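Trainee: As you go down the protein sequences, you meet chains A and B in turn. Under the working numbering, the letters of the first sequence match residues 132 to 641, in that order. Under the working numbering, the letters of the second sequence match residues 15 to 147, in that order.
FYI, nobody ran anything at the bench for these hints, they're computed from the structure. Model, not experiment: these values are computed from the prediction. Among the hints, erroneous ones may be present.
[As the list claims (entries may be wrong)] Below 30 Å or equal to it, Euclidean Cα-Cα: the simulated BS3-like pairs (lysine-lysine) are:
1) K272(A) <-> K419(A)
2) K115(B) <-> K244(A)
3) K409(A) <-> K65(B)
4) K404(A) <-> K62(B)
5) K282(A) <-> K127(B)
6) K65(B) <-> K451(A)
7) K453(A) <-> K115(B)
8) K451(A) <-> K115(B)
[To be verified] Reference listing, derived: stretches of chain B covered by chain A, where coverage requires no fewer than 3 residues with Cβ under 8 Å from a Cβ of chain A:
9) 46 to 52
10) 115 to 123
[Said to hold, decoys possible] Restraint ranges, calculated between C-beta atoms of paired labels, are given here:
11) K451(A) <-> D60(B): 30 to 36 Å
12) K451(A) <-> Q74(B): 31 to 37 Å
13) S476(A) <-> S77(B): 51 to 57 Å
14) E53(B) <-> N567(A): 32 to 38 Å
15) T120(B) <-> P407(A): 27 to 33 Å
16) T195(A) <-> D60(B): 41 to 47 Å
17) F415(A) <-> D60(B): 30 to 36 Å
By construction, the Cβ of each residue, glycine as well, lies at the ideal position given by its N, Cα and C atoms.
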Amino acid sequence: MHTDGRHLENNTLIEGDICIVGAGAAGISMALDWDNTKYKVILLEGGGFEYDQRIQELYAGKTTGQRYFPLMSSRLHYFGGTTGHWAGFCSPMDPVDFAKRNWVEHSGWPINKEDLDPFYERAQKKLELGPYNYDMAFWQKGDPSLLPLVKNDSVLWNKMWQFSPPTRFGTKYKKNIVESRNIHLYTYANLVNIIVNETGSAVTAMTVKNFEGKQHRIRAKKFILACSAIQNARLLLASNHQLPNGLGNQNDLVGRYFMEHLEIKSAQLWLFKPSPLKLYAFNFGVTKARAELAIHSKKQEEFEILNGTVALTPLEVAEKIKPAIERWNQEDPRKSGDRFFGGYSAAGKDVHVPVSGTNSYQCFTRIEQAPNPSSRVTLHAEKDGLGVPRATLHWELTSFEKRSIRKIHELIGEEVGRAGMGRLKLLDYLADKNDNTWPDFTGGGWHHMGTTRMSNDPKQGVVDSNCKVHGISNLYMAGSSCFTTAGAPNPTLTLVALTLRLSDHVKKSL
Amino acid sequence: MQRRQFIQLTAVSSAAIVITGIGCNQRHSVSYELLGKPEELAQICDLKTLKEIGMAYRLQAASEMDAGKLATLLLTDSAGSSDSSISDNAFVQSLMNWKIKRDFETGNIVIVKGWVLALTEARQCALLFVNNP
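Just chain A, with the same shape it has in the complex (with noise of 0.2 Å):
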């Protein structure tokens, strides 16, 4: 069932059974787990079906510190969220991204991977991936020319991922929602303020406003904000006209611990014979499988580093591709997505990689960014237009991340010559360790985590193991705000994972 808040008379008055706000990958896979249930489901979606350049300015916001792509462009604003433009990446996490690591400060979930490897399964459905197998022998089984760089792997191991369509959220599941007789779709309905009962433990009310000048409210049991980590942490700061530090924030937590993935080259590896290296050959909407290099979880420990993983792309191919973060620069996310996109399409034009493979290709590292308090979202002073503060993006990296890719490429490297296979340059920003500066062309993945970070103890995390938020009986967070460390995997797998899991708790609670 879909309504356009614009056509609703003024201060209609909604009431439902759950409400999620939010019509992204979380916030959809959470109310098609609730279709064809005795429940009525209220869904909110700030925007339309279609982009609307309006909307998508509540987004814009101030970036500090490490320099990062416009806030406006690196969210999307309407049904769908920003599935509207995902290049469908996917792999889960690993067992110690959720381990408590004596060598990183504030790690430790406390959930575990097995805990989330039945919802890892569910969520292979929604973004129509193959089998939840990310065990390189089970790709090889159907493929035996995929072979690994290293075949010694006591240090390195291939980290299968699986690449989704990608499944477009806004047209894949458009009809499902919309017909759907106990879900309730209100477009233009954009979340300004969540209100709470006089002691600020249960929220009993939200508003949403549109610019057609419409005040609506929202009543429901239970609560869930699925808008994306920057936009979930934003909503529940600017929610501060009865508890002035905001809800949820009693210990100072919302908003820090803000994580992206760094995404940079780093090295180059060099082989004495030409190969095309397939399992580490990606080509967009045909790959269904391929392998990056990670290093085992006890190098990790022996050497005190962060989790990362290295793709492996030809380097000529490579070396035509300008940055991320140089391509990625406009506030409309229609023009940044056509410079970015476009770099890839003509790169792959001028480039001619013989069947046979090439004997150079360039490292670019995915790795995890150490939790930090420092790194946050906050309000800024400036509000958007219907009223709510604007969101400050403060990115902060540290010396620990450089240290880290480093250290994976020395491995790399190690191996690689070990092997006999050839030799691994490190980019220069890396070769001098005690330089701890980070070079132009550093980036990151557009995944935001972190923001209302999972920990049982309220005074190390915003939300429990459920997701819930400590001292709000029926306010839940959904998405990768609640990540508690980042991984080395992009978010989007491990995020639909999570909210179906929530999803199983809220149906039991109700």
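Following the hints, put chain B in place on chain A, whose structure we already have.
Mentor: Structure of chain B alone, referenced to chain A:
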């Protein structure tokens, strides 16, 4: 495999080229040109790059400044003994390759100008640079 075993397995005879190590007390019966040729690395690096690596390594390892010292180190086994009588080119080349392999196996690695290298091949580059600055 120990160096002695390696010698037993791979030694072959050929004419010796006797050169005296400059600035070193030891006489070496093998050419610096041969010693200063990292065979595998030369497959992926041009001469200029190899020399740059050599120059950078000399800055990193100040105690290995002269050719004689480098040659001695290159011909020194893990037990610390140097065999200056080695004179066969093919054998020397095999010995260097074996030392490089062993360096990687034992973690005897250096990073020079960003290259993750076996110590032996870094020294070979340094010798190359010293002989052809």
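Trainee: Hint by hint, which ones does this structure get wrong, listed from lowest number up?
Mentor: 2, 3, 7, 8, 9, 11
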